[in-house]
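K.L.:
Below are the chains, spelled out letter by letter.
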Amino acid sequence: MFLCFFPGFLQYIYIYKHVFGGDMLLEGLSISCLRHCYGSLMVQAAGLKLVSVGWAKFTGFPSLKASRFRVSCSAKPETVEKVIEIVRKQLALKPETVLTSETEFVELGADSLDTVEIVMTLEEEFDINVEEESSQNITSVQEVADLIEKLVQQKAQGES
Amino acid sequence: MRSFQRNFSVSPSCPLLPLQLPSPMETHVWFVLPDEFKSVSLLNQYMELLSPCEKENVLTMRGDQLQKRALLARALVRTTIARYQINNHVVDPRSLKFRKNIHGKPELVWKSDDGQCPSPLHFNISHTSSLIACGVTVNSPIGIDVEEKQRKIKNNILAFARRYFSLYEVEHLSMISDSEVQRQEFVKLWTLKEAYVKALGRGFSAAPFKTFTIRVKDATNSGASEVAVESSDHPESLTNNWQFGLFELASSHYASICMEKDKTSDVAMRVPMRLTVRKTIPFVEDICISGTDAVVPIAGLIKQV
Numbered sequence: 001m002f003l004c005f006f007p008g009f010l011q012y013i014y015i016y017k018h019v020f021g022g023d024m025l026l027e028g029l030s031i032s033c034l035r036h037c038y039g040s041l042m043v044q045a046a047g048l049k050l051v052s053v054g055w056a057k058f059t060g061f062p063s064l065k066a067s068r069f070r071v072s073c074s075a076k077p078e079t080v081e082k083v084i085e086i087v088r089k090q091l092a093l094k095p096e097t098v099l100t101s102e103t104e105f106v107e108l109g110a111d112s113l114d115t116v117e118i119v120m121t122l123e124e125e126f127d128i129n130v131e132e133e134s135s136q137n138i139t140s141v142q143e144v145a146d147l148i149e150k151l152v153q154q155k156a157q158g159e160s
Numbered sequence: 001m002r003s004f005q006r007n008f009s010v011s012p013s014c015p016l017l018p019l020q021l022p023s024p025m026e027t028h029v030w031f032v033l034p035d036e037f038k039s040v041s042l043l044n045q046y047m048e049l050l051s052p053c054e055k056e057n058v059l060t061m062r063g064d065q066l067q068k069r070a071l072l073a074r075a076l077v078r079t080t081i082a083r084y085q086i087n088n089h090v091v092d093p094r095s096l097k098f099r100k101n102i103h104g105k106p107e108l109v110w111k112s113d114d115g116q117c118p119s120p121l122h123f124n125i126s127h128t129s130s131l132i133a134c135g136v137t138v139n140s141p142i143g144i145d146v147e148e149k150q151r152k153i154k155n156n157i158l159a160f161a162r163r164y165f166s167l168y169e170v171e172h173l174s175m176i177s178d179s180e181v182q183r184q185e186f187v188k189l190w191t192l193k194e195a196y197v198k199a200l201g202r203g204f205s206a207a208p209f210k211t212f213t214i215r216v217k218d219a220t221n222s223g224a225s226e227v228a229v230e231s232s233d234h235p236e237s238l239t240n241n242w243q244f245g246l247f248e249l250a251s252s253h254y255a256s257i258c259m260e261k262d263k264t265s266d267v268a269m270r271v272p273m274r275l276t277v278r279k280t281i282p283f284v285e286d287i288c289i290s291g292t293d294a295v296v297p298i299a300g301l302i303k304q305v
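Read top to bottom, the protein sequences are chains H and W. Numbering follows the UniProt record's numbering, with no gaps: position 111 of the first sequence is 111. Numbering follows the UniProt record's numbering, with no gaps: position 10 of the second sequence is 10.
Keep in mind the hints are simulated off the structure, nothing from the lab. Be aware that one or more of the hints could be misleading.
[What the hints assert, rightly or not] Mimicking DSS-like on lysine-lysine, the simulated pairs with C-alpha atoms at most 27 Å apart in a straight line are:
| id | chain 1 | residue 1 | chain 2 | residue 2 |
| --- | --- | --- | --- | --- |
| 1 | H | 94 | W | 154 |
| 2 | W | 149 | H | 89 |
| 3 | W | 55 | H | 82 |
| 4 | W | 149 | H | 94 |
| 5 | W | 68 | H | 89 |
| 6 | H | 89 | W | 303 |
| 7 | H | 82 | W | 152 |
| 8 | H | 94 | W | 68 |
| 9 | H | 155 | W | 210 |
| 10 | H | 89 | W | 100 |
| 11 | H | 76 | W | 154 |
| 12 | W | 210 | H | 94 |
| 13 | W | 261 | H | 89 |
| 14 | W | 152 | H | 94 |
| 15 | W | 38 | H | 94 |
| 16 | H | 89 | H | 76 |
[To be verified] Residues from chain W that keep clear of chain H, each with C-beta distances beyond 10 Å, as calculated:
| id | residue |
| --- | --- |
| 17 | 43 |
| 18 | 60 |
| 19 | 61 |
| 20 | 108 |
| 21 | 155 |
Even glycine gets a Cβ: it sits at the ideal position worked out from N, Cα and C.
Generate the whole structure from the sequences, applying the supplied hints.
P.N.:
Structure below.
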């Protein structure tokens with residue numbers, strides 16, 4: 001976990017990502033700019049992936065939790081959509097409940113049996129195998145989608 | 001049903017009656033039924049008891065029902081524990097301090113002269129959409145899990161069991177031919193396994209369900225079946241110091257409790273888990289339901305008091 005000392009900047013990223021949509025805009029914010037703010041440790045060259053950024057909380061964005069925020073460009077929107085569809089069904093959510101990639105399962109009242117059922121449904125849907133240790137870090141829709149894509153990719157490359 | 005307290009005062013200044021601590025091998029279970037809480041002013045009183053962090057967590061829940069549930073869970077924990085303090089003295093529920101252990105299990109801390117130390121009072125909480133339960137013990141780690149009896153499993157039960165449960169447990173479930181009975185047995189087994197990992201303080205991720213087996217030995221002539229746990233990862237580890245109780249609660253739920261056996265008593269002797277169950281509306285009323293048909297023991301040696 002890295003402490004961010006520029007909460008305003010990340011707020012900016014959040015607005016860009018969600019007002020303008022998609023992950024393309026993040027590529028527009030120059031990597032050098034991001035590196036400058038957070039150090040090269042945090043910006044991986046491949047895929048513009050910022051990992052595990054945490055910061056002292058600020059108000060105004062209730063969907064962002066103080067403990068974890070992950071900006072990632074790796075999971076395809078279709079994957080995120082599929083995860084959301086499965087989560088909706090498992091938790092029998094009302095249509096008006098808004099789910100985004102940032103939604104955390106705990107906010108939806110999911111218990112451990114729900115989480116495990118969701119993982120199992122996803123395993124069947126994507127024909128992958130999720131190790132118990134990985135499922136520890138699954139707290140949000142985005143994290144699940146990223147993990148799925150990683151496992152699908154690994155499987156395609158012959159690793160398991 | 002014995003009513004211990006009927007107090008319709010809306011002032012939280014001192015309406016909570018003190019409680020005697022549980023004795024060794026005794027669990028006190030307190031539960032609330034969210035549907036019984038409709039008064040906005042009462043819910044606001046509960047909100048006032050929470051720490052700023054707890055309030056924030058409640059407000060991030062999506063929707064009124066989930067927020068109410070989160071609020072009731074914290075209010076139940078704070079008001080219940082506040083009544084169990086030393087020398088029968090009720091403390092302000094707001095003053096209680098909690099922290100999480102390394103795996104995220106909440107525990108009560110005491111402030112002492114040289115910092116914080118863990119309290120001998122242990123608690124654990126579990127909720128479903130229709131019931132929130134809190135179990136309290138002294139000097140024994142406790143895990144509690146409740147599930148609705150009618151809980152539907154979206155996946156195929158045996159496929160799920162093969163994926164997550166131990167071999168023995170899969171075999172036990174696959175021998176049940178009636179699908180409804182199989183579903184019920186699955187839910188009961190799930191609550192026992194959850195109660196165990198919560199008692200360990202490790203939770204699901206840190207104690208994968210495949211690494212231990214829960215066995216329910218058939219009822220003996222004395223009428224009670226024994227529940228035992230074996231660890232397949234660490235066969236040499238002490239698993240015979242955990243005691244289980246499984247019962248039907250309020251006709252709607254299965255509830256499992258796991259606690260450490262009293263070290264002072266002879267381990268070979270089968271000492272029952274003493275159990276008191278009370279339904280509560282904090283600041284309003286408690287109703288003791290142990291010994292009624294609202295608590296039906298299913299497995300494990302349970303003595304209701």
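K.L.:
A separate judgement is required for each hint: does it hold in the structure or not?
P.N.:
Here is how each hint holds up against the structure:
About 17 Å separates the Cα atoms of residue 94(H) and residue 154(W), which keeps this hinted pair within 27 Å; it holds. About 20 Å separates the Cα atoms of residue 149(W) and residue 89(H), which keeps this hinted pair within 27 Å; it holds. Between residue 55(W) and residue 82(H), the direct Cα distance comes to roughly 32 Å. Violation of the 27 Å bound is thereby established for this hinted pair. Taking the CA atoms of residue 149(W) and residue 94(H), the gap is about 23 Å. The hint holds against a cut of 27 Å.
At roughly 22 Å between alpha-carbon atoms, residue 68(W) and residue 89(H) fall within 27 Å of each other, so this suggested pair holds. A C-alpha spacing of about 40 Å is found between residue 89(H) and residue 303(W), which places the hinted pair above 27 Å, so the restraint is violated. For the proposed pair residue 82(H) and residue 152(W), the alpha carbon gap of about 22 Å is at most 27 Å, so the pair holds. The suggested pairing of residue 94(H) with residue 68(W) holds, with an alpha-carbon distance near 17 Å, which does not exceed 27 Å.
Of the supplied pair hints, the one linking residue 155(H) and residue 210(W) holds, its CA atoms being roughly 24 Å apart against a limit of 27 Å. Proximity of residue 89(H) to residue 100(W) is assessed by CA-CA distance (about 31 Å); at most 27 Å being required, the pair is judged violated. Restraint check: the Cα-Cα separation between residue 76(H) and residue 154(W) comes to about 26 Å, which is no more than 27 Å; the hinted pair holds. Under the criterion of a C-alpha separation no larger than 27 Å, the hint pairing residue 210(W) with residue 94(H) is inconsistent with the structure, at around 33 Å.
As the CA atoms of residue 261(W) and residue 89(H) are separated by approximately 41 Å, the hinted pair breaks the 27 Å bound. Distance restraint check for residue 152(W) and residue 94(H): the Cα-Cα separation of roughly 18 Å lies within the 27 Å cut-off, and the hinted pair is therefore satisfied. For the given pair, residue 38(W) sits about 21 Å from residue 94(H) by alpha-carbon distance, which is consistent with the 27 Å threshold. Note on residue 89(H) and residue 76(H): the hinted pairing holds, with a Cα-Cα distance of about 20 Å set against a maximum of 27 Å.
The claim that residue 43(W) lies off the interface holds: its Cβ sits roughly 17 Å from the closest Cβ of chain H, which is beyond the 10 Å cut-off. The Cβ of residue 60(W) sits about 5 Å from the closest Cβ of chain H, inside the 10 Å cut-off, so the non-interface label is violated. At roughly 6 Å, the least C-beta separation between residue 61(W) and chain H is not larger than 10 Å, which violates its mark as non-interface. Once the 10 Å rule is applied to beta carbons, residue 108(W) is consistent with being away from chain H; the minimum gap is 21 Å.
With a least beta-carbon separation of about 5 Å from chain H, residue 155(W) fails to lie farther than 10 Å from that chain, contradicting its non-interface assignment.
In the structure shown, a violation is registered for the earlier hints numbered 3, 6, 10, 12, 13, 18, 19 and 21, in ascending order.
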